[in-house]
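K.L.:
Sequence:
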Amino acid sequence: MRFAGHGDFDRVVVDLQGPMTGYTARWVSKIVQDGSGAAMDVKGGAYLQLTLYPANAHDDAGNSTWVGPRQVTAKLPNIVEVVNNGDFEGVVSIGLVLDHKAGFRVLEQSAPTRLVIDVAR
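The opening residue of the sequence shown carries number -8 in the working numbering; numbering runs sequentially from there.
Some hints here could point you the wrong way.
Stated by the list, open to error - Listed next, the in silico DSSO-like pairs over lysine-lysine satisfying Cα-Cα at most 27 Å (straight line):
(1) Lys21 x Lys92
(2) Lys66 x Lys34
(3) Lys34 x Lys92
(4) Lys66 x Lys92
(5) Lys66 x Lys21
(6) Lys21 x Lys34
For the record, the hints were derived by calculation from the structure and aren't laboratory data.
The task is simple: from the sequences and hints, build the whole structure.
P.N.:
Structure, rendered in structure tokens:
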């Protein structure tokens, strides 16, 4: 996972191994941990939840394949934090903590396989 600012939007890229997985992107009222349902300690003006399925953020031995900490401060104009809030029963959840609600799009890319999330500033 990586992120950067681009002109009028902020971008998050989720690198995937293998073919494209299913996914949804939707507005939520808060970011919660998968499995427990406990609210994550994040503060923002809006929350965008990306859910990947079937997907795992760990290898067959149970070692995490998510590089870096579970909560990453982005310090972009709209994207405040990116949170890995779940890797549970074949579902990986990634929460985007935003300064404010804005238009967004999700693009599928290949060679290598990745999801690109653009959020307007």
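K.L.:
It remains to establish, for every hint, whether it holds in the given structure.
P.N.:
Structure-based check of all given hints:
1. Lys21 x Lys92: Given that 27 Å is the threshold and the Cα spacing comes to 13 Å, the pair holds.
2. Lys66 x Lys34: holds, 13 Å
3. Lys34 x Lys92: holds, 13 Å
4. Lys66 x Lys92: Holds, because 16 Å separates the two Cα atoms, which is no more than 27 Å.
5. Lys66 x Lys21: Status holds; Cα separation ~19 Å.
6. Lys21 x Lys34: Measuring from Cα to Cα gives roughly 9 Å; hence the hint holds.
Hint compliance for this structure: every hint is met.
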